[in-house]
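**Student:** Residues per chain, in single letters:
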Amino acid sequence: DTAVSQTPKYLVTQMGNDKSIKCEQNLGHDTMYWYKQDSKKFLKIMFSYNNKELIINETVPNRFSPKSPDKAHLNLHINSLELGDSAVYFCASSSGGAAGNTIYFGEGSWLTVV
Amino acid sequence: AQSVTQPDIHITVSEGASLELRCNYSYGATPYLFWYVQSPGQGLQLLLKYFSGDTLVQGIKGFEAEFKRSQSSFNLRKPSVHWSDAAEYFCAVARGKLQFGAGTQVVVTP
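First to last, the protein sequences are chains A and B.
For the first sequence, our numbering assigns the number 15 to the initial residue and increments by one for each residue that follows.
For the second sequence, our numbering assigns the number 61 to the initial residue and increments by one for each residue that follows.
Hints were generated in silico from the structure; no laboratory data involved.
Incorrect hints may appear among the rest.
[Said to hold, decoys possible] Keeping only pairs whose Cα atoms sit at most 20 Å apart, straight-line, the calculated PhoX-like set for lysine-lysine is:
1) B:K128 / A:K58
2) A:K55 / A:K23
3) B:K109 / B:K121
4) A:K33 / A:K50
5) A:K36 / A:K81
6) A:K50 / A:K23
7) B:K128 / B:K109
8) A:K55 / B:K157
9) A:K66 / B:K121
10) A:K81 / A:K66
11) B:K157 / A:K50
12) A:K23 / A:K58
13) A:K23 / A:K66
14) B:K157 / A:K85
15) A:K23 / A:K81
Just chain A, with the same shape it has in the complex (with noise of 0.2 Å):
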C-alpha cells in the first residue's frame, strides 16, 4: 500500500482555471505538507499543517489554500491558475515535526498550466 498518496499524478490546465490536488496518508503520521519542485528542480516547502492546523506557511500567493479534513489528508485548492504555477506538488507527511523526524513523500503531481 502507498504511504503518502496523492492523485491526480498529472494535470494539464489553463490559466484562470481552479484546482485542487488530492493527497491521503496511511501512516498513522500528524504532520503533512506541501512541497513545490520548480523546472529547475527546487523544491521548497509550501504548508505545513500538525493535526489539521496550519503551523508554516511560506508566503505562498493566497491563491493556493491548503485544506486539512482530518489529520491523515492534506488537499491544495489553487485558484486562478496562473503560466508560473507549473510545477511538481509534494505531498509528504512525518510523525511530529521535521526535526528529528522522516519525512515520507508521495509520488508527485505534475501540473502544467497552459
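For this one, chain A is given, so just place chain B on it according to the hints.
**Tutor:** Frame of chain A, contents of chain B only:
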C-alpha cells in the same frame, strides 16, 4: 542565513566507478541531515539520514554518507555505481522545517 549547498549541479560517472556527492550546510547548530533521491518522473525516496551518533551513516542501495562537523558537510558516497543510480540527488537539513539543496544530477555512462 541558514542554507544548504550542493556545489555540483551535474556529475557524470562511469558505471562501476565510485561516486561522491557533496553537501554543505550553514546552520548555527548541527541540524538533522538527509539525502533523498529522485529518479526521473518519480517522487523522492529517502536514502539515509543523520540525527546523532556515528558520523558514518549507511543507507539503502549501497549508499553511505559521512557527517563532518568541522567542515559542515554531509557527503554522500557509493563505491560502485549502477546504471539505475542515474537520478537527481538532494541533500536536505531540518531545523524546524526541511530545507533542500538545489540537487545534483547524476548521469551514469556505460
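**Student:** What are the numbers of the hints that this structure violates, sorted from low to high?
**Tutor:** Per hint list: 1, 9 and 13 violated.
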